[in-house]
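Trainee: Starting from the known structure of chain A, arrange chain B on it as the hints suggest.
Read top to bottom, the protein sequences are chains A and B. Its first residue numbered 1, the first sequence is counted upward by one per residue in the working numbering. Its first residue numbered 1001, the second sequence is counted upward by one per residue in the working numbering.
Please keep in mind that the hints were generated in silico from the structure rather than gathered at the bench. The structure presented is a predicted model; accordingly, all values stated were derived computationally and were not measured. A virtual CB, placed ideally from N, CA and C, is assigned to each residue, including glycine. One or more of the hints may lead you astray.
What the hints assert, rightly or not - Simulated restraints on C-beta separations:
1. A/N47 / B/S1415: 43 to 51 angstroms
2. A/Q45 / B/G1040: 15 to 23 angstroms
3. A/L44 / B/V1392: 34 to 42 angstroms
4. B/G1040 / A/E87: 38 to 46 angstroms
5. A/P84 / B/E1035: 47 to 55 angstroms
6. A/E87 / B/V1392: 35 to 43 angstroms
7. A/N47 / B/A1383: 13 to 21 angstroms
8. A/E72 / B/A1383: 32 to 40 angstroms
9. B/L1077 / A/P84: 18 to 26 angstroms
10. B/R1039 / A/E72: 29 to 37 angstroms
11. B/G1040 / A/E72: 54 to 62 angstroms
12. A/D96 / B/G1040: 39 to 47 angstroms
13. A/E72 / B/L1077: 32 to 40 angstroms
To be verified - So these bits of chain A aren't anywhere near chain B, every CB distance computed over 12 angstroms:
14. G12
15. G25
16. P26
17. R41
18. V46
19. G49
20. L55
21. K78
22. T83
23. R88
24. L92
25. W97
26. F100
27. V104
28. Q105
29. A110
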Amino acid sequence: MSKDDRADMLQGTLDLLILHALSLGPMHGWGVSQRIRGLSRDVLQVNQGSLYPALHRLEYRGLVSAEWGRSESNRRAKIYALTPEGERRLGLEHRDWLRFVEAVQQVLAAAVPPRLETEGGTG
Amino acid sequence: MRGLWLRVSRVLRRKVSEQEIDEELRFHVDMETAELMRRGLRRAEARRQALIALGGQDRWREEVRAARGTAWIEDTLRDVRLAFRGLARAPGFAAAAIGTVALGVGAATAIYSVVDQVVLSPLPYPDSDELVTVWARNPGRDIEQGMTSWPNFVDWREATTTLGGLATLVPGRVTLTGGGDPEELVGVSVSRGFFELLGAPFALGRTFRDDETEGDFAGVVVLSHELFTRRFGADPSVLGRTIELDDATFEVVGVTAPGRGYPRSAELWTPQAFGTGRQWREPRGRLWLSVVGRLADGAELSAAQREMDRIAARLEARYPDVNGGAGVTLEPLRRTIVGDARTPLLVLLGAVGVLMLIAVANVANLLMARGTVRAPELAARRALGAGRCRIVRQALAHSVVLGGLGGLLGAALASAGVVALVAAAPSDLPRLEEVRVDWLILGLALASALGASVAFGLVPALQSTRVDPGISLRAAARGSSSAGVARLRGAFVSGQFALAFVLLMGSGLLVRSFLNLRAVDPGFETEGVLSVSISLPPARYADAAARGAFHRDLVEEVDALPVVDAVGTISSLFLGELPNAGAVTIESRPERLESSTEIPVVTDAVSPGLFSAAGLEIVAGRGFEETDGPDDVPVAVVNETFARLYLDGLDPVGERYTWGKPYGEDTYWFTIVGVVEDARRSGLAAPTRPAVFEPTTQRARRDLELLVRTTGDPLSLASAVRAAVDAVDADLPVSRVRTLEQAMGDSVAQRRFVAWILGVFALAALVLAAVGIFGVMAYLVGRRTREIGVRVALGAGRPRVLGEVLGEGMRQAGAGLVAGAVAFLAMAGLVRSQLFELEPTDPPTFVAASAVLLLVAAVACLVPARRAATVNAVVALRED
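Okay, chain A solo, but in the shape it has when bound (with noise of 0.2 angstroms):
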């Protein structure tokens, strides 16, 4: 149960990777993937089985448009690109992101409980 609650909150959080790398630019699934990798300095890697899934998923709810281009190398590609819709949706899970991490950083910025710290501290 629990790993499927994280699968559906790291699924939200690629889905804004995704759009947020669109918003730069049209681009191809694999180029997605390199441009977050290289965004993050190699720190997220996307997990590739769950990129396409999630590529074809924003596609068919109208936030991404797919259309079969040409690549950097000239090489038939399906690509990517941010609709207005989807646009409007960056931007509302954006904000919704922000307050997230606010949040988290407020509650780890409250003081440690001292019975961790003991604990902590003799181990």
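Mentor: For chain B alone, coordinates are given in the frame of chain A:
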């Protein structure tokens, strides 16, 4: 709505999408490979890592599809396609499973349709549960279901409040002449409100008006739809036309709606008429009317019975001389119609249930065997990333396709089966003409087959999803299966054999009892005798002298034919439900009439040559002679049963009897001149009734059966006999031309029908059980190929291997046999009533049924056993 359309249109373009997904995948892998090579990996290693990073491709595709929201439609289509492909890959399994479902569903539905519509369904009238037959009862005279007189009927009708309506009916034979061959029909004269009471629907015209019924005579007639179609070409202008019935003129005023009416054999109805005389209308003791009634709104049968008891008691008190001991019995009309057929049909119903159980067990067994075979495949697909849900869904699709195909075939089989059953049925099985495939029952049978197919198809799929793919892959490859499943499947096979044994026992007993029945000495010598029914129209044959002359002329005419050995007439050859019977008083024992234990005596008129034509021996005295003239002393011949019951200790010849009570000087005494051997005229299974025969030379009747004994083929005489009848009277209808053997056969037709159906059932059950054990043995041997190979390699003899495999199968069959025998003994009471001179525990039947089953089991085991014994050790070992 729009969303759904979008999905559907995507599914329709699916081919393109699948390609696109694959192309996108290839592009990704190529790019990733190129990137990894840039980081210094070699091409092969880079590609490998790129593929690993992508994960299971099955799962990847699936998730893409799931993400696109078209998954469920595509999946369903693909599952169905896969299921068909899977069945095509295992044709033996598919044929067995589909055939099992088809046989089970088809046979069960066909039989159930017949049973349901003949026994259980209501009559074709509105609120038919309210309809009752009103029987006159007189236990003192051994009458349980008798007729009543007109005065009694009128009193009932006036007094009752619980019966909303009452009407009389008198079935009889009438001759239709003019416009084509004369034809003998079943005509029913009915009293006021008969059709209204039944609620019988009309196709054309009207029912009888009140002023037409219950008078002296009204020349109006209502035709059955069947007669209207057959004789009048369904021409509506027949309304208003006149037809000749028994030489009187009738105007057609109405035609009933299609489908049989009541009584079911009726072909036309005329108003109840009494003629100008008083002899039918006035005597309270003249019992000749059948009565049907409808319960008043809200009235219970029991309340109506109590009321009729009170009314009958009042009438008995008021007319003690004629109504002494007379009561009334109400019986639901449906039971009157279906009557005897109920028990045999319920036995059939039980057989249907057993057959369906066998079919379900078989499907379960086959699917579970198949599931084990497919376990490695399922494990492999799991390992490749197929989701648990997908595997279960695919198993589901497999089962549904299997059950669906079998069900479809079963439905076709059912409708063909109903036609075959109706064709094979004896014509006197009631309401048979109405039988159709019962869609509700077909649905139920289909549901149970599908249910079993789905339930047992899912078991292996669910099992595969619980186990770690790695472990189950290794185990499956080695061909082991859990002991629990094997035990379960052994139990199924044993159960099937138990059920098959029950069916086989039941049908064996019925067939044997049918043979016993055929072996009964009917008294007649049936061989080489032609039997023809003739009915004389009352108008032209009103007086006994005219009838007597006809009998004499007819016999002379037929006797002149070259190959005829003997010829005679009898007023009725076989006795129906209510034979012409009454009580007699023996002159030398007048006290005997008072005892209520006497059985009514059947009376018939026979011509002098009848006894030799029928092959009945005169055991004392003499038969009739032409010299027994109308003005001579009234004579009679009695049968042995009569002599035993009424004349025990006396010399029958010379004794005298009279009908009812003697009344002084005017008593009409019959002198007994001979005793004739008994004949089974009420059917072979029924006891012989006391009978007296009176000569046609003295008291000829209107109905007669002409018996012609010949040295050749009786049926080849038919047209010559017909010509002889025409020579005497050209306007007479001749009906039921058949050999005496056929006539005897008709009286055992119902038993033959039941025996035949159960035989078909037993065969179907046997086939299904054989398929079951064959499938399981073949599977078990297949699993053990390796082990057997090792043992053969180590020197185990082939006969020994053969014996072991055979033994394993026979053990299961034997266990089933024992269980079946126990079950059958528990149900023996159910079949006892259907047996003739046979006990349900009849040892020869037991032995034969067991032998047949064991033989089938042996054959079913032998094929896989032989295969096991010829296993090549090297091949078997290499199979892993």
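Trainee: Does each hint fit the structure? Answer for all of them.
Mentor: A quick look at each hint next to the structure:
Between A/N47 and B/S1415 the Cβ separation comes to about 58 angstroms, which falls outside the hinted range of 43 to 51 angstroms. Range check, A/Q45 to B/G1040: Cβ separation about 18 angstroms, and the 15 to 23 angstroms hint holds. In this structure the supplied range 34 to 42 angstroms holds for A/L44 paired with B/V1392, their Cβ-Cβ distance being about 35 angstroms. In this structure the hint that B/G1040 and A/E87 lie 38 to 46 angstroms apart at CB holds, the actual value being about 39 angstroms.
The beta-carbon spacing between A/P84 and B/E1035, approximately 32 angstroms, falls outside the hinted interval of 47 to 55 angstroms. A/E87 and B/V1392 have their C-beta atoms about 41 angstroms apart, which keeps the hinted 35 to 43 angstroms range intact. Taken as a hint, the range 13 to 21 angstroms holds for the pair A/N47 and B/A1383, whose Cβ atoms sit roughly 20 angstroms apart. Taken as a hint, the range 32 to 40 angstroms holds for the pair A/E72 and B/A1383, whose Cβ atoms sit roughly 37 angstroms apart.
Under the hint 18 to 26 angstroms, the C-beta atoms of B/L1077 and A/P84, about 35 angstroms apart, miss the expected range. Between B/R1039 and A/E72, the C-beta spacing of about 18 angstroms breaks the proposed range 29 to 37 angstroms. One distance hint, 54 to 62 angstroms for the beta-carbon pair B/G1040 and A/E72, is violated here, with the actual separation near 21 angstroms. Our hint of 39 to 47 angstroms for A/D96 and B/G1040 holds, since their Cβ atoms are close to 41 angstroms apart.
The hinted range of 32 to 40 angstroms is satisfied by A/E72 and B/L1077, whose Cβ atoms lie roughly 38 angstroms apart. For A/G12, the condition that its CB be more than 12 angstroms from all CB atoms of chain B holds, with the nearest at approximately 14 angstroms. Every CB of chain B is more than 12 angstroms from the CB of A/G25 (nearest about 17 angstroms), matching its label as outside the interface. Its beta-carbon lying about 15 angstroms from the closest one in chain B, A/P26 satisfies the requirement of being farther than 12 angstroms from that chain.
Residue-level check passed: A/R41 sits 16 angstroms from the nearest beta carbon of chain B, beyond 12 angstroms. For A/V46, the requirement that its beta carbon stay farther than 12 angstroms from each beta carbon of chain B is not met, with the minimum near 10 angstroms. Interface exclusion of A/G49 from chain B breaks down, the closest Cβ pair being 3 angstroms apart, not more than 12 angstroms. Here A/L55 does not stay apart from chain B, with its beta-carbon only about 8 angstroms from theirs, under the 12 angstroms limit.
Non-interface status of A/K78 relative to chain B is broken: a Cβ of that chain comes within 12 angstroms, the nearest being about 5 angstroms off. No beta-carbon of chain B is positioned within 12 angstroms of the beta-carbon of A/T83; the least distance is around 16 angstroms. Taking the minimum C-beta to C-beta distance to chain B, about 20 angstroms, the non-interface status of A/R88 holds against the 12 angstroms cut. With a closest Cβ-Cβ approach of about 21 angstroms to chain B, A/L92 is found to remain outside the 12 angstroms limit, as its non-interface label requires.
At roughly 22 angstroms from the closest C-beta of chain B, the C-beta of A/W97 stays outside 12 angstroms, upholding its exclusion from the interface. Every Cβ of chain B is farther than 12 angstroms from the Cβ of A/F100; the closest lies at roughly 24 angstroms, confirming the non-interface assignment. A/V104, annotated as away from the interface, keeps every beta carbon of chain B farther than 12 angstroms; the closest lies near 28 angstroms. Look at A/Q105: its CB is around 32 angstroms from the nearest CB on chain B, clear of 12 angstroms, so calling it non-interface holds up.
The claim that A/A110 lies off the interface holds: its Cβ sits roughly 39 angstroms from the closest Cβ of chain B, which is beyond the 12 angstroms cut-off.
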